[in-house]
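*Asks:* Start from the sequences and build out the full structure, keeping to the hints where you can.
So the protein sequences, as listed, match chains A and B. The end of the first sequence is residue 104 by our numbering, with every number in the run present. The end of the second sequence is residue 119 by our numbering, with every number in the run present.
Don't read these hints as lab results, they were simulated from the structure. Be careful, since some hints might not be right.
Reference listing, derived: stretches of chain B covered by chain A, where coverage requires no fewer than 3 residues with Cβ under 8 Å from a Cβ of chain A [what the hints assert, rightly or not]:
#, region
1, 52 to 65
2, 80 to 91
3, 111 to 118
In silico BS3-like cross-links for lysine-lysine, where the CA-CA straight-line distance does not exceed 30 Å [unchecked claim]:
#, chain 1, residue 1, chain 2, residue 2
4, A, K52, A, K69
5, A, K69, B, K77
6, B, K21, B, K64
7, A, K96, A, K48
8, A, K96, A, K52
9, B, K64, B, K77
10, B, K64, A, K44
11, B, K64, A, K52
12, A, K96, A, K60
13, A, K52, B, K21
14, A, K96, B, K21
15, A, K44, A, K96
16, A, K44, A, K60
17, B, K77, B, K16
18, A, K96, A, K69
Residues of chain B placed beyond 10 Å of chain A at every Cβ, according to the derived structure [claimed, not checked]:
#, residue
19, V11
20, T22
21, S25
22, S74
23, L76
Quick reminder that beta carbons are idealized off the backbone N, C-alpha and C, glycines included.
One letter stands for each residue in the lines below.
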Amino acid sequence: GNSVTQMEGPVTLSEEAFLTINCTYTATGYPSLFWYVQYPGEGLQLLLKATKADDKGSNKGFEATYRKETTSFHLEKGSVQVSDSAVYFCARAIQGNTPLVFGKGTRLSVIA
Amino acid sequence: NAGVTQTPKFRVLKTGQSMTLLCAQDMNHEYMYWYRQDPGMGLRLIHYSVGEGTTAKGEVPDGYNVSRLKKQNFLLGLESAAPSQTSVYFCASSGQGLYGYTFGSGTRLTVV
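*Replies:* See the structure below:
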C-alpha cells in the first residue's frame, strides 16, 4: 500500500549535534515528498519538499534528498539548536494533488 | 494575516452531544482537509474537499460529516460525540499543484 514510515522517537540531542530523522515511503508512481514541523501548541508548517528523484529540499539549515533507489527522504541538519525542538512529520503525495499521507511523527528535543 | 483559521480552539463535550468545527481560509484555495492527531498515530485524514460543493472520505470518516457550501469554509460535524473522538483536529488547505498545505492551529476536543 501507500505509506510513510518514520523512525520512532523521541530523539534527544545536545545543541550543535548532527541530526538525522529517517523516512521511507511506499507508493505507486513517483510521489512528491515533504517534511513538516510542528512546534508546541501549533499546527504543522511546511519545512521542505522535493518533487522528483535526486531533488534536494532545504530550509533553515535542514536538508533532505529524494532517493528513489532506496525510497527514502531522510531529514538532516548539521548543527541543531534548542529552537529546533519540535515534532517532525514526513509526508508524501501522489501526483495530482491527492491528500497527503503522513508518517507518525518524530519528536526532537534539543538540550543546551 | 492570511491563512487558515479554526474555531473553536478548545471544547469539552459530553458523550452524545453534537458540535461543528469551523475552518476558514482566505487564500482562495481549492482543496481543504480535516485531519485528527492522536498520540503515536500521527495525522489521519478524516474527510477532504477538492472544491466548493464537493466532499470525499478519508482514512477515518466514521462518526463525522462535512460540508463545503462556500469555497472558503469547510465544516466538520460530530453528530453524536464519543470518547474515541477525543483528539486534536487540524484543518488544512492547498492550492493547485503540489505546494504543500497550510494548516490551522488546531482544535483540542475532549469528549467525556
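*Asks:* Please go over all the hints and tell whether each is borne out by the structure.
*Replies:* Hint by hint, here is what the structure shows:
1. 52 to 65: holds (count 4)
2. 80 to 91: violated (count 0)
3. 111 to 118: holds (count 3)
4. A:K52 with A:K69: This hinted pair holds, its Cα atoms lying about 9 Å apart.
5. A:K69 with B:K77: Not satisfied, since the Cα-Cα distance of roughly 41 Å exceeds 30 Å.
6. B:K21 with B:K64: OK: K21 of chain B and K64 of chain B at ~25 Å, within 30 Å.
7. A:K96 with A:K48: holds (22 Å)
8. A:K96 with A:K52: Distance of about 22 Å is within 30 Å: holds.
9. B:K64 with B:K77: Roughly 18 Å separates the two Cα atoms, so the pair holds.
10. B:K64 with A:K44: holds (28 Å)
11. B:K64 with A:K52: violated (35 Å)
12. A:K96 with A:K60: Holds, at about 21 Å.
13. A:K52 with B:K21: violated (43 Å)
14. A:K96 with B:K21: holds (28 Å)
15. A:K44 with A:K96: OK: K44 of chain A and K96 of chain A at ~23 Å, within 30 Å.
16. A:K44 with A:K60: Holds, at about 8 Å.
17. B:K77 with B:K16: Within the cut-off at roughly 21 Å; holds.
18. A:K96 with A:K69: At roughly 20 Å apart (the allowed maximum being 30 Å), K69 of chain A and K96 of chain A satisfy the hint.
19. V11: Not fine: 8 Å to the nearest Cβ puts V11 of chain B too close to chain A.
20. T22: T22 of chain B is indeed farther than 10 Å from all Cβ atoms of chain A, at 27 Å.
21. S25: holds (25 Å)
22. S74: holds (18 Å)
23. L76: Holds, since 21 Å exceeds 10 Å.
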